[in-house]
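Enquirer: Line by line, the protein sequences give chains A and B. Start counting the first sequence at 0; every next residue gets the next number (numbering that gives the first Met the number 0). Start counting the second sequence at 0; every next residue gets the next number (numbering that gives the first Met the number 0).
FYI, nobody ran anything at the bench for these hints, they're computed from the structure. Hints are not guaranteed to be accurate.
Said to hold, decoys possible - Taking lysine to aspartate or glutamate and the EDC-like style, the derived pairs with C-alpha atoms no more than 20 Å apart in a straight line are:
id, chain 1, residue 1, chain 2, residue 2
1, B, K215, B, D250
2, A, K150, B, E110
3, A, K114, A, D160
4, A, K82, A, D55
5, B, K515, A, E59
6, A, K150, B, E14
7, A, K82, B, D551
8, B, K515, A, D62
9, A, K150, B, D456
10, A, K150, B, E269
11, B, K282, B, D325
12, B, K216, B, E110
13, B, K140, B, E234
14, A, K48, A, D62
15, B, K37, B, E557
16, A, K86, A, D62
17, A, K150, B, E8
18, A, K123, A, D160
19, A, K174, B, D172
20, B, K215, A, E149
21, B, K572, B, E189
22, B, K356, B, D325
23, A, K150, B, D172
24, B, K282, B, D214
25, A, K48, B, E9
26, A, K150, B, D144
27, B, K515, A, E87
28, A, K113, A, E87
29, A, K82, B, E14
30, A, K150, B, D217
31, A, K48, B, D229
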Amino acid sequence: MWMKSKLLCFFFLVLCSPAVSWPGGAQAQTNQAFEEYEVKRAFVYNFLKFTVFPSDKTAETLDICVADGKTVLQFFAQMRGYKVGVKEIAIIEVNSNNEIDRCDVIFVSASIGKKAGDILEHAKGRGILTIGEDLQFCNMGGMICFIAAEKTLRFGINLKDAKRESYNFSSQLLKLAQIVERQS
Amino acid sequence: MNLLNMSIEELMQTEITSVSKKEQKIADAAAAVYVITKEDIRRSGANNIPDALRMVPGLEVASISSGTWAVQSRNVNSSLVNELLVLIDGRTIYSPIFGGVIWTIQDLPLEDIDRIEVIRGPGGTLWGANATTGVINIITKSSKDTVGTLASGGGGTLEQDFATVRQGVALSDDASFRAYAKYRSRGAFEKVGGGKEDDNLDDMRTGFRSDWQVDKKDLLTLQGDLFSTDSKTRETFFELTPPFSQSVTGDDTATGGNVLGRWERSISEESDFALQLYYDSLKLDYVSREVHGTMSDVDFQHRFRPFTNNEIVWGAGYRSVYYDVDWVSPLNTFVPEDDTTPLYSAFLQDETWILDKKLAFIVGTKVEHNPLTGIEVQPTARVIWTPNDNNSVWAAFSRAVRTPSFLDERNGLVLAVVPPDANGSPLTTRGFVPGENLDAEEVLSYELGWRNRPHPDVTLDTALFFADYSKQISEVAGDSYFSEGPPPHLVVPFMANNNMSSYTYGGELVARWQAKRWWFIEGSAALLELHSSDGKSNAVPRQQYRLRSFVDLPYNLELNSFLRYTDAVVIQKTPSYAELDLLLTWKATTNLELSVVGQNLLHNKHVEYGTGSLYGVAAEVPRGVYGKATLRF
Chain A
0 MWMKSKLLCF FFLVLCSPAV SWPGGAQAQT NQAFEEYEVK RAFVYNFLKF TVFPSDKTAE
60 TLDICVADGK TVLQFFAQMR GYKVGVKEIA IIEVNSNNEI DRCDVIFVSA SIGKKAGDIL
120 EHAKGRGILT IGEDLQFCNM GGMICFIAAE KTLRFGINLK DAKRESYNFS SQLLKLAQIV
180 ERQS
Chain B
0 MNLLNMSIEE LMQTEITSVS KKEQKIADAA AAVYVITKED IRRSGANNIP DALRMVPGLE
60 VASISSGTWA VQSRNVNSSL VNELLVLIDG RTIYSPIFGG VIWTIQDLPL EDIDRIEVIR
120 GPGGTLWGAN ATTGVINIIT KSSKDTVGTL ASGGGGTLEQ DFATVRQGVA LSDDASFRAY
180 AKYRSRGAFE KVGGGKEDDN LDDMRTGFRS DWQVDKKDLL TLQGDLFSTD SKTRETFFEL
240 TPPFSQSVTG DDTATGGNVL GRWERSISEE SDFALQLYYD SLKLDYVSRE VHGTMSDVDF
300 QHRFRPFTNN EIVWGAGYRS VYYDVDWVSP LNTFVPEDDT TPLYSAFLQD ETWILDKKLA
360 FIVGTKVEHN PLTGIEVQPT ARVIWTPNDN NSVWAAFSRA VRTPSFLDER NGLVLAVVPP
420 DANGSPLTTR GFVPGENLDA EEVLSYELGW RNRPHPDVTL DTALFFADYS KQISEVAGDS
480 YFSEGPPPHL VVPFMANNNM SSYTYGGELV ARWQAKRWWF IEGSAALLEL HSSDGKSNAV
540 PRQQYRLRSF VDLPYNLELN SFLRYTDAVV IQKTPSYAEL DLLLTWKATT NLELSVVGQN
600 LLHNKHVEYG TGSLYGVAAE VPRGVYGKAT LRF
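Work the whole structure out from these sequences, hints included.
Expert: What follows is the structure in structure tokens.
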């Protein structure tokens, strides 16, 4: 809902794009680019819509866990209550590997750094959709990852690892993705 | 634009900005800022800028007549408020000739507005003089964001007819252009006591904007507008012979235009500069007077970081103002009738942050040389502390000035003519006479604010203030004297001097709650107390409350409401009132949006400005309904 980003924008001002204009009269360019995480959040919502979940995922809620990254959590929290098919989205913060078990999806923030590998290890065999913020995430076995282009975002899908966890994706999503493979 | 409704293809074309570029804006959070976004405007049902400003806590907006408004922040409101600075894309629309903003002629298409930033409290250091109670900055969208065709129009009872057409084109990957044409017609207000006022409004406006990202570092912008506004009016003309006063109705016509060019160059991530030039011309052919005014302005500013954790912004500017004022009545004067005057300004602001950006200090000052009072200095010191992600506290001290307008110093205006009577009282005129060598008014302001997020879906924003005004300009009756005329008559002059002082204190609280994914609520309260040395009290609304609600319904419907209460302004004979606007919108297709708006629904009519126009006639705002259709492709 657009107003949620206004809540954040208003509160911080520093997170507005741009916040308050320059003094003295001369105006800073009205920067029509969007907040990085506003866009990523919208991407993630779309990924979920085009993901074919394993057949044993029958719960009414879609538990999306966010690993670390306070900024990410605040943005993603605004997706609460949105629907993907018949499931309602729940956003959960996780701080340790043990908490991951209940997740359907896990978004691994870039701020996690090297620990991302641990999370991916732990997620194996649990049928969790793993989403990360850089290409390396997919190379380590993550299923979907963002790839930064100059001013816009692209994304990669590690189809092999996804299929191993019984995940699949609509061809509409696959045709826009960069197909990536695990690299040791 | 709700990103969550966009397709993946669209998202892949959406530009993102990284957080670091915005961290420079910490300083701007050390003030009582409220941003009206495009969605706020779209969901308010407002059909003009002053009505869109009503939602801002702490702002007083009063409709005086169908085509005129009074807008003020934290102080006494009137049709010519000289303490509030208003800008459109960096161009001042506050006129130093009259000492106020003529809102009637600022009818830009609301669909072109990207946002309106309102700062309550002095903005003298950053924005210059005549920003003692606040700054309103209206920012239009880059032409990059208005590519395509937009056509909107509608009609109703008060908003009788209106239509806007806008065409935007992408000239290349880096350059874009748009042009618009707009027309509106507003019906008359109700007369107190029955019947309609003679105050309907018609205006036409056209303009363009072009933006060109020349290379990675340079951005050029060129924009301009032309307008013609016609409002019916009733004026009182005074004479020294019977019948001594006459009521004349006629047309007040205002025409004018402006052109503005800006060059922004990014030197590095932490350093950039901007150069802006504009020219503005206005011609008033009013029943009471003919005025011609022009403004030429050049401004430069530069931002850089001499050390890490330290940023400096500085700038300099020059403005030339020309006016020519001709009162129709020979009893009124403006001395000198025409003049060209320069204004020089420079400012410097330093921002330092420590403790991992949790604590920031801002110190700055602006120095201006103006033709009426010479050099004026406006310093400010601010601090902002952000202990964690959910809290931010700021404090500010500022000194700001309000320079006398040409109207204050040079205007002679007869307010009443009293005929001779049977007891021997002579023919008498009462009126303003030009002031002499007035000083600038000064305000010392102390502010405190707290932003808080107690819950992920709730934000609270509190601002408290105390402002001490001195050397305020007020009109005081001077010694009567005889004038030979002809005919001979007694003159009771009201002369301006700087002998008034006052203080104000109060606060504003805004609470926002995303109650459900489809329901957003914002409530605000503003309290204001004014104590003035001339003993006048009850000159401001002591309380104002606002409640806005946005509801997204199924079938692409929206129901938006705006409930407001404004306390009485006793001295202006304006009673307290509560009013409600409702807006129902239907996104019929991706390209077509239809809406029905009901305004001022709670009463048949109500007064917002009791003393009315200059000669004391109050008009009432009627209940109104209008329908609007917007087509985009």
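Enquirer: Indicate, hint by hint, whether the structure satisfies it.
Expert: Each hint, compared with the structure:
For a cut-off of 20 Å, the pair hint linking B/K215 to B/D250 is broken: about 50 Å separates their Cα positions. A distance of roughly 26 Å separates the Cα atoms of A/K150 and B/E110; the hinted pair therefore is violated under the 20 Å criterion. Straight-line distance between C-alpha atoms of A/K114 and A/D160 comes to about 19 Å, which keeps the hinted pair within the 20 Å bound. The hinted pair formed by A/K82 and A/D55 meets the criterion: a straight-line CA distance of about 19 Å does not exceed 20 Å.
Of the pairs offered as hints, the one joining B/K515 and A/E59 holds, with about 19 Å between alpha carbons and a cut-off of 20 Å not exceeded. The suggested pairing of A/K150 with B/E14 holds, with an alpha-carbon distance near 5 Å, which does not exceed 20 Å. Restraint check for A/K82 and B/D551: satisfied, since their Cα atoms lie roughly 15 Å apart, inside the 20 Å limit. A distance of roughly 19 Å separates the Cα atoms of B/K515 and A/D62; the hinted pair therefore holds under the 20 Å criterion.
Simply put, A/K150 and B/D456 have alpha-carbon atoms about 30 Å apart, too far for the 20 Å limit, and the pair is violated. For the given pair, A/K150 sits about 18 Å from B/E269 by alpha-carbon distance, which is consistent with the 20 Å threshold. Of the supplied pair hints, the one linking B/K282 and B/D325 holds, its CA atoms being roughly 11 Å apart against a limit of 20 Å. Under the criterion of a C-alpha separation no larger than 20 Å, the hint pairing B/K216 with B/E110 is inconsistent with the structure, at around 29 Å.
At roughly 39 Å between alpha-carbon atoms, B/K140 and B/E234 are farther apart than 20 Å, so this suggested pair is violated. Note on A/K48 and A/D62: the hinted pairing holds, with a Cα-Cα distance of about 14 Å set against a maximum of 20 Å. Distance check on the hinted pair: B/K37 and B/E557 sit about 16 Å apart at the alpha-carbon level, within 20 Å; holds. Annotation: proposed proximity of A/K86 to A/D62 holds, straight-line Cα distance about 9 Å (limit 20 Å).
For the proposed pair A/K150 and B/E8, the alpha carbon gap of about 15 Å is at most 20 Å, so the pair holds. Under the criterion of a C-alpha separation no larger than 20 Å, the hint pairing A/K123 with A/D160 is consistent with the structure, at around 10 Å. With a C-alpha separation of about 25 Å, the suggested pair A/K174 and B/D172 falls outside the 20 Å cut-off, and the hint is violated. Simply put, B/K215 and A/E149 have alpha-carbon atoms about 12 Å apart, close enough for the 20 Å limit, and the pair holds.
For the suggested pair B/K572 and B/E189, the alpha carbons sit about 17 Å apart, so the restraint of at most 20 Å is met. Only pairs whose Cα atoms come within 20 Å are accepted, and B/K356 paired with B/D325 is rejected, the gap being roughly 56 Å. At roughly 14 Å between alpha-carbon atoms, A/K150 and B/D172 fall within 20 Å of each other, so this suggested pair holds. A C-alpha spacing of about 39 Å is found between B/K282 and B/D214, which places the hinted pair above 20 Å, so the restraint is violated.
At roughly 15 Å between alpha-carbon atoms, A/K48 and B/E9 fall within 20 Å of each other, so this suggested pair holds. This hinted pair checks out: A/K150 and B/D144 have alpha carbons roughly 16 Å apart, not beyond 20 Å. This hinted pair checks out: B/K515 and A/E87 have alpha carbons roughly 13 Å apart, not beyond 20 Å. Distance restraint check for A/K113 and A/E87: the Cα-Cα separation of roughly 31 Å exceeds the 20 Å cut-off, and the hinted pair is therefore not satisfied.
Proposed proximity of A/K82 and B/E14 is contradicted: the alpha carbons are some 26 Å apart, above 20 Å. Between A/K150 and B/D217 the alpha-carbon distance is near 17 Å, which keeps this suggested pair within the 20 Å criterion. Among the hinted pairs, A/K48 with B/D229 is inconsistent with the structure: their alpha-carbon atoms are about 54 Å apart, more than 20 Å.
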